[in-house]
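Trainee: Given these sequences and hints, build the entire structure.
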Amino acid sequence: MKLLLDIVQAVLLVALAPLVRGIVSRIKARIQNRQGASVWRPYSELRKLFAKEDLVPPTASFVFRLSPVLLFAVTVAAAAFIPVLHASALLGTMGDFILLAYLLAFGRFFLMLGAMDGGGAFGGMGASREALVSTLAEAPLLLALTAVAVVARIATLAGIVQWTLQQDFFRLSAVHALAVAALALVAIAETGRIPVDNPTTHLELTMIHESMVLEHSGPSLALIEWASAIKLNVMIALLIALFAPWGMATAFTAAGLAIAIAVYALKVAALAVVLAVVESSVAKLRMYMVPDFLGVACALSILAVVFTAVMR
Amino acid sequence: MIYGFNTFLLLLLVAPIVSLLCVKMKKARALSPIVLVVALLTGAATTGVSFWRGDRLSLDLSRLTPLPFALTVDRLSAFFLLLICAVSVPVVLYSASYIERHYEGLRRDGLWILLPAFIASMVLVVTASTGFAFLFGWELMTLLSAGLIMMEGDAGQRRHNIFIYLLMMHVGAAAVIGAFLLFLPHAPGLTFAAMRTVAAQMPQGMRTAIFLLAFLGFGTKAGIVPLHLWLPRAHPIAPSPVSALMSAVMLKTAVYAFVRFGFDFLGTGPAWWGYLVLAAGAVSGVLGVLYALAENDIKRLLAYSSVENIGIIFMAIGAAMVLRAYGAPSLAALALLAALLHAINHALFKSTLFLGAGSVSDATHTLNMEELGGLLNRMPVTGIAMLVACCSIIGLPLFNGFVGEWLAFRAFLGGSTLPPIAPAIVLPLVAGVLALIGGVAAACFAKLYGVVFLSRPRSEKAEHAREVPVLMQLGVALPAAACVLIGVFPAIVLWPLMTTISELMPGTAMPAQATSIATVLPWLALAVIAIVAVVALVRRTVRVTATWACGQPGLDARMQYSGTALSKPLRKVFSQVYRPDRAVNISPAGQPYFPETISYRSVRTTSFERALYRPAVDAVVAAAHRLRRLQTGNIQVYLLYLFLALVSLLLFMRFL
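Protein chains in written order, with the numbering used here: chain H, 1 to 312; chain U, 1 to 656.
None of these hints come from the bench; they were simulated from the model.
From the three backbone atoms N, C-alpha and C, an ideal C-beta is built for every residue, glycine too.
Just to be clear, a hint being listed does not mean it is correct.
To be verified - Derived BS3-like pairs: lysine-lysine, alpha-carbon spacing no greater than 27 Å straight-line:
#	chain 1	residue 1	chain 2	residue 2
1	U	K26	H	K284
2	H	K267	H	K2
3	H	K284	H	K267
4	U	K568	H	K284
Unchecked claim - Chain H side only, calculated, beta carbon under 10 Å to chain U, not exhaustive:
#	residue
5	V74
6	A115
7	A251
8	V273
9	A276
Mentor: Structure follows, in structure tokens:
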């Protein structure tokens, strides 16, 4: 039963990732006074892309075609780390947050290689900018997670969630406040949302992720797009699991599960609204302002770690 | 077992003689690599068996030498001996082809004579059990490696670099000798067994002095910032197999010696020793990888990345010392496990990378990234091995580099459980430093691999590159395969390593964290492979077509991002670290918008050279100028010096 639920929640994270993306776009459209596309549009886009053919440059090597597959595989594996409906996950009981962070880095590394293999100018440009953002996001990501793990005295995600579930929300420490702020900033940078990157841009001066995937097409592009949707979903689920897991099922009853699903859906919806509001109200940063943005995340996460020792 | 060990040593000493004898006989030339490989395999087998059984091999040659000279192989030595043998085998296989292709006459013979001798000197360093034997091997190692570098030629700038290498090595060696001499009053024979027993009874000041000297001496050899100055100068100019040996193995002998001093002889010290090592490691890691990022010469990049990895190893060693000082032996064991594992890992992927760089220069005659590109399609075996090594060095899961870094992370994280506040703040923060290093390393190696092996060739030379001979392919493929093996099944090295550590720190057992990562990684590998297999089932029709060039006639190689451009954003963010001297010359001067010629020059002299080394060198030269006054050229004055020396010695002996 437990194993089944582990599998179901991982599959849900993967399968519903495009929906979350669609919902965010829809809310964004409404805020901007537009009608907006259906929330299911990302699925039809994926179906369209999977039906198309893969265009491969003659100079590219096998890395060009391998990188989307690997990116997708490790992102799905990362989804298996996150407790969603109960305080356990397929890999989340054995693997810890360091493994999770490095799995995401794995995908990013191959995405960068695939971009450079395209042989055009845009791929290199995107890879270069992605290197900037991801390098600077790495330290605050791990430090913020470290702070939470130190407070919970356990490094596996399932363990942290289990610990948090037993705490009173109103008595969570300043460490959590600092860590959630840092992690939210990092999540924005990692998933390529405004103000760090714009997921809808096609202007060479501004794009990071879009220029990396510019040479990919067909199923390869579909895998990349799906993977980045999963990554967004994983980041949302991670924020929920670490900082607001209450409502997760503690026993395997139908009522408990129904509540867990409903509460989780509510939390995702709330975060989607926050994301849409932020994206609609903030302008994209100039690229060389991104280090400052991540510098704030870094400072917050360092403070969080310092506070774990000071406040115990 | 001792016979096997003796055979190994004997074969290793015979190998240079075989090479010497084969100089004249063309047909017998293949004999020297064969003898060497047989020797190394014997050594690996012998040490492997004795390691497993926990035997202590020893060989006492004191009767033949003026000072006590003995070799002992305990678990720590055996571990490093295995590392030397295991990494040297692919390097020798590679050399068998590489040296034949690149060198002839005296140079080729010289390389084949010095190479086994160099390996033998490293074996001596890690097995020596007396101060004399150790220092003998230590010095020999420096000189032989310098000799090997010289085989490539010694013109102009090269000679200057070799001079800096030798100079710094001897400053380091002076510190090492000092560390040994401080033991002399208490342990006259300087046998390691005696040093181990007396170290605990020595006064604290003396122990600190020994520790500092050892850190200085071995830190110089290991390439800790700011003592790393020789490393990016010496490694790139050596023949590629020699660079691989120097970076993968020789630096590890310094790690061995430091662990021997820090954990075996001195035992538990005050916490600030550990903090010092930790800080030095962190600075080396961050600066090493930032300098590596800015390099466009493959071998210089790899040399700086060695500084980074040595930094990671010393961070873990420092954490182990801190944790031990605060009385957390099991966490200290975890940190030391991370350090030793990263030592093996670095040996494996760095030898792949340096040998691969040799293959690249063999196929294209250049190491400048901006002239390379598209090599993966032209050299598939080398390219895949290099991809594996790049994934390993930046610590991606399922490759070996990750396991070591993960253990280090968990050890740093464990610092938060200590009651005092200082380590509980410092150690978890160091995890952030390690994350930063990992991030920059990912950028650095994405640049290396993307520019050199992917996309289109940037020059004629790269365009016409062909795959290297089989032996050279084997040389890069073997260590790369080991990287994946350890990355997926780390248990195969974790258990032997833990037995080594419990010999150094009695009472420690395998930390639970290490067992957990060894369990989760095979499952993760299975999951990733399964997902890749499922995705591979998706029908994908592929059409090969040119990249869209915005309607222009076509893209050419110059439209791609160059290595310099790729690293530009990060270099801009960290510009305080680089501070290049830039000069833009536009002529004629009055017409900035319609120039006839523009020349641009950007030189990076590291701030260490400016702030630390320049004044030191100036001071030494000034002192030498002053001392020159003693040299009058007058024989009576020299006789006076002799007489004064005699009198002062007599007085000294009388009143001592």
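Trainee: Evaluate each hint against the coordinates.
Mentor: Comparing the hints with the structure gives:
Under the criterion of a C-alpha separation no larger than 27 Å, the hint pairing K26/U with K284/H is inconsistent with the structure, at around 69 Å. A threshold of 27 Å between alpha carbons decides the hint, and for K267/H with K2/H the separation of about 23 Å falls inside it, so the pair holds. For the hint linking K284/H to K267/H, the alpha-carbon distance of about 26 Å falls within 27 Å, and the restraint holds. For the suggested pair K568/U and K284/H, the alpha carbons sit about 21 Å apart, so the restraint of at most 27 Å is met.
Interface restraint check: V74/H against chain U, minimum CB-CB distance 6 Å, threshold 10 Å, status holds. Hint status for A115/H relative to chain U: holds, with the closest Cβ pair at about 8 Å, below 10 Å. Restraint check, A251/H versus chain U: the minimum CB separation of about 27 Å is more than 10 Å; hint violated. With a least beta-carbon distance of about 31 Å to chain U, the hint placing V273/H at the interface is violated under the 10 Å criterion.
Proximity of A276/H to chain U is violated relative to the hint, the smallest CB-CB distance being about 29 Å (cut-off 10 Å).
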